[in-house]
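4 protein chains.
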Amino acid sequence: MNLAEQYIQIRKYSEKICAPLATEDYVVQPIVDVSPPKWHLGHTTWFFETFLLKPHAIGYQEYDENYNYVFNSYYETVGNRVIRTDRGNLSRPSVADIYKYRTYVDEAMVRFLNKPINGELKELIDLGFNHEQQHQELLITDIKYILGNNPLFPAYDKDWETDSSKISETELITIEEGVYEIGYQGDAFHFDNELNRHKVYLNTFSISSNLINNAEYLEFIEAGGYQNFNYWHAEGWDWVKTNQISAPMYWHLIDGEWFNYTFSGLQKLDKSQILTHVSYYEAYAFASWKGMRLPTEFEWEIAAKHFDWGQRWEWTESAYLPYPGFSKAPGAIGEYNGKFMVNQKVLRGASAATPENHSRITYRNFFHPNLRWQFTGIRLVK
Amino acid sequence: MNLAEQYIQIRKYSEKICAPLATEDYVVQPIVDVSPPKWHLGHTTWFFETFLLKPHAIGYQEYDENYNYVFNSYYETVGNRVIRTDRGNLSRPSVADIYKYRTYVDEAMVRFLNKPINGELKELIDLGFNHEQQHQELLITDIKYILGNNPLFPAYDKDWETDSSKISETELITIEEGVYEIGYQGDAFHFDNELNRHKVYLNTFSISSNLINNAEYLEFIEAGGYQNFNYWHAEGWDWVKTNQISAPMYWHLIDGEWFNYTFSGLQKLDKSQILTHVSYYEAYAFASWKGMRLPTEFEWEIAAKHFDWGQRWEWTESAYLPYPGFSKAPGAIGEYNGKFMVNQKVLRGASAATPENHSRITYRNFFHPNLRWQFTGIRLVK
Amino acid sequence: MNLAEQYIQIRKYSEKICAPLATEDYVVQPIVDVSPPKWHLGHTTWFFETFLLKPHAIGYQEYDENYNYVFNSYYETVGNRVIRTDRGNLSRPSVADIYKYRTYVDEAMVRFLNKPINGELKELIDLGFNHEQQHQELLITDIKYILGNNPLFPAYDKDWETDSSKISETELITIEEGVYEIGYQGDAFHFDNELNRHKVYLNTFSISSNLINNAEYLEFIEAGGYQNFNYWHAEGWDWVKTNQISAPMYWHLIDGEWFNYTFSGLQKLDKSQILTHVSYYEAYAFASWKGMRLPTEFEWEIAAKHFDWGQRWEWTESAYLPYPGFSKAPGAIGEYNGKFMVNQKVLRGASAATPENHSRITYRNFFHPNLRWQFTGIRLVK
Amino acid sequence: MNLAEQYIQIRKYSEKICAPLATEDYVVQPIVDVSPPKWHLGHTTWFFETFLLKPHAIGYQEYDENYNYVFNSYYETVGNRVIRTDRGNLSRPSVADIYKYRTYVDEAMVRFLNKPINGELKELIDLGFNHEQQHQELLITDIKYILGNNPLFPAYDKDWETDSSKISETELITIEEGVYEIGYQGDAFHFDNELNRHKVYLNTFSISSNLINNAEYLEFIEAGGYQNFNYWHAEGWDWVKTNQISAPMYWHLIDGEWFNYTFSGLQKLDKSQILTHVSYYEAYAFASWKGMRLPTEFEWEIAAKHFDWGQRWEWTESAYLPYPGFSKAPGAIGEYNGKFMVNQKVLRGASAATPENHSRITYRNFFHPNLRWQFTGIRLVK
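Residue numbers (the UniProt record's numbering), protein chains in the order written: chain V, 1 to 382; chain D, 1 to 382; chain E, 1 to 382; chain C, 1 to 382.
There may be inaccurate statements among the hints.
Since copy identity is lost for identical chains, a pair holds within one copy or between any two.
[As the list claims (entries may be wrong)] Restricting the straight-line Cα-Cα distance to at most 27 Å, the calculated cross-link-like pairs of lysine-lysine (DSSO-like) are:
#, residue 1, residue 2
1, LYS122, LYS12
2, LYS199, LYS115
3, LYS158, LYS268
4, LYS305, LYS199
It should be emphasised that the hints constitute simulated quantities derived from the structure, not laboratory data.
Take these sequences, add in the hints, and give me the full structure.
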């Protein structure tokens, strides 16, 4: 597949994700972390227009200069951004306008990609592809939030598979202490935060071959886990109290029976499914209750070759910090990762919402510890 | 026109107001005071279903029991309400669903209205008509807010006339002191807050025959009115500082020239137009600067037969309080007006957004003193 | 008594109120409406220094220019004010420093008052006396708040009488409809908000000769008054829910028995005492539950010559608005009353905390409808 | 020195710190992170009473059961705590009451310590000593905040030395890559968070022998460091904008000249002094601007034997996380450290406010990245 074909394939997949939506579903922003689907479609388009077409495609005419204002996200270098909390107030540009914008930019991009591309530009294009894939995952989780918090609990697509059962027996995999190498090595695409590859010393640890499932987490709930501060961080406990949390996101106790919202609508809780939509605080509290702990991101990276992963983003104990020798690129592209390296937790793995080819063993995802609208799960270490 | 025809005429007008909208415009709620247009369309329908069809139309089948939850506004008596701030998060029911709901209820209402109706029900139907008309005015002002706060400043309908020029010479009309009668008298529809008709004593006063126009208000701005706390109430001054207010809503100073957003889009400010979109705080400060004051609602009601009114809702100095002998109806209908009688200001008159036949000289509108998304203006008294 | 003797008498009374306090009690500000006692002592002193000594006493040396910043309250004209919420953060000037400041200013004031005083200055001095008396009442209610919200419930002074029993039989006093005169008339001190004296038309009404007592209010509580939104304004109901209100301020239900905090400490509730420390919202809800209403301030002023008053500030239905012909004085003194004439309710009467000679039948007190740390009570009208 | 003598010495030092205070200074809590000095004096006393006297001293009579409510801090296990933000509202117990409480508990403690003590109790007593020492440091920094944010800028004690000059030439100390041992080793007192001693792999790095001084930081300010988002974390930048930060805490630009508040009052900025009172966000931004970075806590611990440290707490790049094998003690004592191990940054070193014998090379201090009322400084790494 050449670059233009790759481009088209990735871009079409974003639109496929949105195909089951009503126009109204594209517009709303129920919480600040969730963006309106139409904004994702516009923002990823703006990325290609701003970083590739405008500086590098000779003769390219900007589609609409107002869009720079509307679809910028957090790139301080590129003009004023729309305050994030305002995104859900913008009825215009309409969904149809944004699809027109996509078509316009796609045509220009295909023309551009069909010409010779130098190495530096190739990297930028790769970044654009991976950026769009990141937004594809957010599209899926944001859509789930939008529909799953609607009092009518509309289904998205009954054929969409985001859940998976734990099938194999749980084993503990033991990794011996020693110096290990961590971080990306190779020539394929990777983010700046996966570098430098460097040595870490690990103590001996044993890690579970399986993620926690709903049945195991129900035991925690039924044992009063949400009522006992001993299992929680102080700020986790405040979060539980302030937000009156008593179960994972999307779980509902109706007449004594547990249901959860899935892409098929509100369903009876399937206990054999892998647990998802928990915060780091909950993951930590669950591990404390079990007398175990979460892995560090280094333990995870070394152990992951010994188990299946990819069903769920897995909270680690590690804070999101730069690797030794990390340096950010100059300009707006340099804002991609480095400036978020405080007060966030690393998640490793991938989820059913992660686009194919967008996961690897050195990938570092990161979220604030209270967030749970991503497909987040728990793996334990002893 | 019989009741069923009247019903259809009023209902169709709500839909006519929405005709220029894109689907996306129906969904958003940029501030808490503004409701999504689709919510207005659903809520007025729910009103007829809940207060007429369900209790009085034999054999009526409720359209969808979830809608009771979604479209209730502030009627505490009728189940749980959707928190007002959440309305903008609801992508479903879709606009198409709500139009289906309207069709279903409209057909049932027409059948119902074509049967004999007793006097008490007649009153309730009249209330439903007036309720829908109140939401028609809100639809127009909410749509203006949604479009006028969009960075693209889309036009609504270039033929929609909401502005009017001051044409006649300004005169001062003098009313002599004495006992006057205030409040509704007659057999036509009126709200409970217009009763009882009662006597008030007025001192001699002189009131302007004209509303203030943009040119007059610009003088206030240019004289530093927004920078001098002497003209303001203490809480008005806090409002100015906290919200960095320096002009009426929808006014924009661009390269030294004033523009304002109208239903035709962003336009150069027409100085001859009647001023609108000011808060009570601004109206009071402007009057102080002029060495004049706002009328009380009683002064206004007595004087209004001597001048043209209806171009703008006019802030009065009066707080919204019950008239002597006011009593509220039992049940949910009794929640209509009385429970808002604290910390709001009375506005008198009507605006270009007020439906025909929905204004009268005894009508008491009311809003919090900081609000300005309605078509609010200023008339002065000496 | 000459002016200097009057001055000393009033000033000493402020210090007598504070005599039972520990130094620590002078410092804290548990809510924004309550000021630290030491601030009251400094602010009233600053008033005399700023408006009398500095402009009018020849050769007067300002005590400390920083005090202007610390003790200004809301007079926008006179330099920067300390943000009200910061008062409780200021440990300095110390209590001893403030007493020194009082002594310094008192000595200068006595010298000043022993010289001939012209008529205009006489008015300003009278305003200073009344200003200090208003702060004496606030001192008492603020001290009650500071001690009554301390988990140790310290007593203030067991001999301090702020409570009174209802002794006479309750009668309804009927006032016939007609035109009445309202507002201050005479040559003695009065505030600008009591003018102009003007005519109002009153409808026939009957008003209770007694205030509501604790026993009567307990019936409202026991009848579920705090659980039934029908009795409340919409914003009163929000206030109840948000703040989880279920009884008047200072009431505590301990093991099924009602106590309240008084100046003698925590005591068993005396049911025969006149009810106090309720908000306007509660006064209104109580009246609704009784099928009665609160008086307007005009009704109160006309009826008050027929009953005893002065035990409690009485909530009226009236909003705090200017009388016809009201005008404010030029300069900082003009900020005294007029700028608060929005979103507040008028209270009439006086309380046991009101200094002698500081109450009259035309006096207009005003507070926001949610406040209840003043000695506020309820009188009903039919 | 025996245990009782040690106890008295430590306890007296807390009181010595408070000796220069006015009574009023003991009471206030200007921000949530700062506790009133009288609270510190009560809380440390409560700690000995609750964890030693009540469970272990036979026949001990609790001083006042209400104090358990007032002086508990965050120990969820031991009854209800006073909401932290309420501490500044409590005028009682008075300062004198608290000194009586200290005397009472001190006498009981001395009797208790003069009897034979077993090993486990010895550990608890050591914890009590160290706990009081931690609060001694907080007392000093909280007093500085209370006085330094008072508009009168009162001095605390002109002889108190908390500042120090950078004297030696700055050198870069290079540590070679390899496996190093981190964490406490030995038999003396240490906190649970310093264990287990474990191996880490360090890459080669060079660290400055000196902390940054005011002159160096001024260059950053003058180079526009607070106006250029490129140097900041995204949330650091938000912090700068929201709080309008433009200099370290206690710095004031007066008529073009820099002053800072010290324990001697407001002083001209001494450029040769070591910089203090910066947040982690500022430390990070400064390092970015320099093209350098902050050390990790592991780098610091290994390098610190090669330079002088102890003048300032030094921000590290490390998040506060458990060491391998960390486990918390059962019961309330277990709440000491572990529950704060999320969203905080490690600081290493000590400050002039740290009591003697309360610092060591493995000590892990931790604060949220926005805080700067501690004596926090910057050391750079390449």
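Cross-check of the supplied hints:
{"no.": "1", "hint": "LYS122 with LYS12", "verdict": "within (20 Å within a copy, 57 Å between copies)"}
{"no.": "2", "hint": "LYS199 with LYS115", "verdict": "neither (41 Å within a copy, 53 Å between copies)"}
{"no.": "3", "hint": "LYS158 with LYS268", "verdict": "within (15 Å within a copy, 52 Å between copies)"}
{"no.": "4", "hint": "LYS305 with LYS199", "verdict": "both (17 Å within a copy, 23 Å between copies)"}
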